[in-house]
Structures are given as C-alpha cells and as structure tokens.
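Use these hints to put chain B onto chain A, whose structure you have.
Respectively, the protein sequence lines represent chains A and B. Everything in the first sequence is counted per this note's numbering, starting at 322 for the first residue and increasing by one. Everything in the second sequence is counted per this note's numbering, starting at 14 for the first residue and increasing by one.
For the record, the hints were derived by calculation from the structure and aren't laboratory data. Ideal placement from N, C-alpha and C gives every residue a C-beta, glycine not left out.
Listed next, the in silico BS3-like pairs over lysine-lysine satisfying Cα-Cα at most 27 angstroms (straight line):
id	chain 1	residue 1	chain 2	residue 2
1	B	Lys35	B	Lys90
2	A	Lys330	A	Lys392
3	B	Lys113	A	Lys378
4	B	Lys113	B	Lys90
5	B	Lys82	B	Lys113
6	B	Lys62	A	Lys392
7	B	Lys71	B	Lys35
8	A	Lys330	A	Lys378
9	B	Lys62	A	Lys378
10	A	Lys330	B	Lys113
11	A	Lys378	A	Lys335
12	B	Lys62	B	Lys82
Here chain A is said to cover these stretches of chain B; the calculated rule only asks that three of the stretch's residues, wherever they fall, bring their Cβ under 8 angstroms from a Cβ of chain A:
id	segment
13	44 to 55
14	59 to 65
15	111 to 118
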Amino acid sequence: NAGVTQTPKFRVLKTGQSMTLLCAQDMNHEYMYWYRQDPGMGLRLIHYSVGEGTTAKGEVPDGYNVSRLKKQNFLLGLESAAPSQTSVYFCASSYGEEAREQFFGPGTRLTVL
Amino acid sequence: AQSVAQPEDQVNVAEGNPLTVKCTYSVSGNPYLFWYVQYPNRGLQFLLKYITGDNLVKGSYGFEAEFNKSQTSFHLKKPSALVSDSALYFCADSTLTFGKGTMLLVSP
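Chain A extracted, bound-state conformation (with noise of 0.2 angstroms):
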C-alpha cells in the first residue's frame, strides 16, 4: 500500500516551459486535493476534485490546470511557467465526507528560473 505518491519530485524549468505534476493513491478515496506550500504562507488549495472526472478551483487556482480522468490520478499542469510558481506542491486524497483527514503525497519541489 504506497499510499500518495507524487511524479516527479523534483523540477527546474524555466519561464514559459509547461509541465504535468501527477498524483497517484490506492487508497480508493474519492475526494483529491492539490495544495502549494510557500515560506510564511502554509498550504493554500489550487484545485480539487470531488470525484473521477470532476474538478473545482481552490484558493489559487490561476496559472493552474488540472484533470481526473482516473479515481486514482489527479494530474496538476502548469502551461506556461511563471517564476511565482516556484514552490513546493503537495497532493492530497481523502474518504468523501469533510470531517475525514487527509492523506498527503511526499511533496514536489519546483523551481521557475
């Protein structure tokens, strides 16, 4: 049982270059998150999804794409790199109902030079 993994953890592009962050977990849970971590900042949501083939924007979600075509994957694009997206990125999965914990990936280190 991996749990959350994350794909890949670490990356370096520079402005403009685009790039998919993939997540997957095998807990079967429905609900799957997509958080930023900066310094001072805490986590904040960019996006998230209720259920296979459904999606919902989170506090940050501009500059940010995301699909679940899959129960088990949650796949975060950048299109067009920007430097203020350099951050740390976690996915999370969690059971349907919002008094459940989170599940988190190991993290993904990105850096937009």
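Same frame as chain A, but now just chain B:
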C-alpha cells in the same frame, strides 16, 4: 478572512516540559478541526481531529488537543515534549483552510 489562525510562528520548549501550539478558528456552526505535522522534506501527516463529543481529543505520538467553543480555539498539547517532536505543525478546518504553521523546536 482566514478561518484558521496560528498566532505563533515558532514555539520553543525544553525536552520534558509540556508544550502547547495554539490554533483559533472562525468557522461557524459545529467545526471539524484537524492537526497535522510536517517533518523536514516530508508531506503532512495527520495527528488528530475534532468532530463532536469530548472536548479533549487524543491523537498520535502522545499529542492531544482541547476544543474550546467559547474561545474558538483548538490548541495542540503534549504533557512532555521530545526532541523528536521538533517539526512544523498545521491546524486546519473542514473548509480545506490551513493555518500558516507553527515551528516547534524542542531543545535537549
């Protein structure tokens, strides 16, 4: 306005002493509240949660948290701190809002 606040950026405590990491909330109604811990270069790990019932919630690694509705607080506590408890602690609510985090440093 942020619905979860952690007023301290850092808490320092000596090993063996009790520790408290503070969290206040502003979610209306009956809140669901959570504490997570993050060790260096790792993802967040769930510690404990409050849903309803007993105001004192017990969690992993000897941590507990006290829910206080009149003070809208959910402070994390441990009777005797360990050096290995040194980490970043986050409070969160069910609206997917996290506090900014509090760094706990336990000195030997």
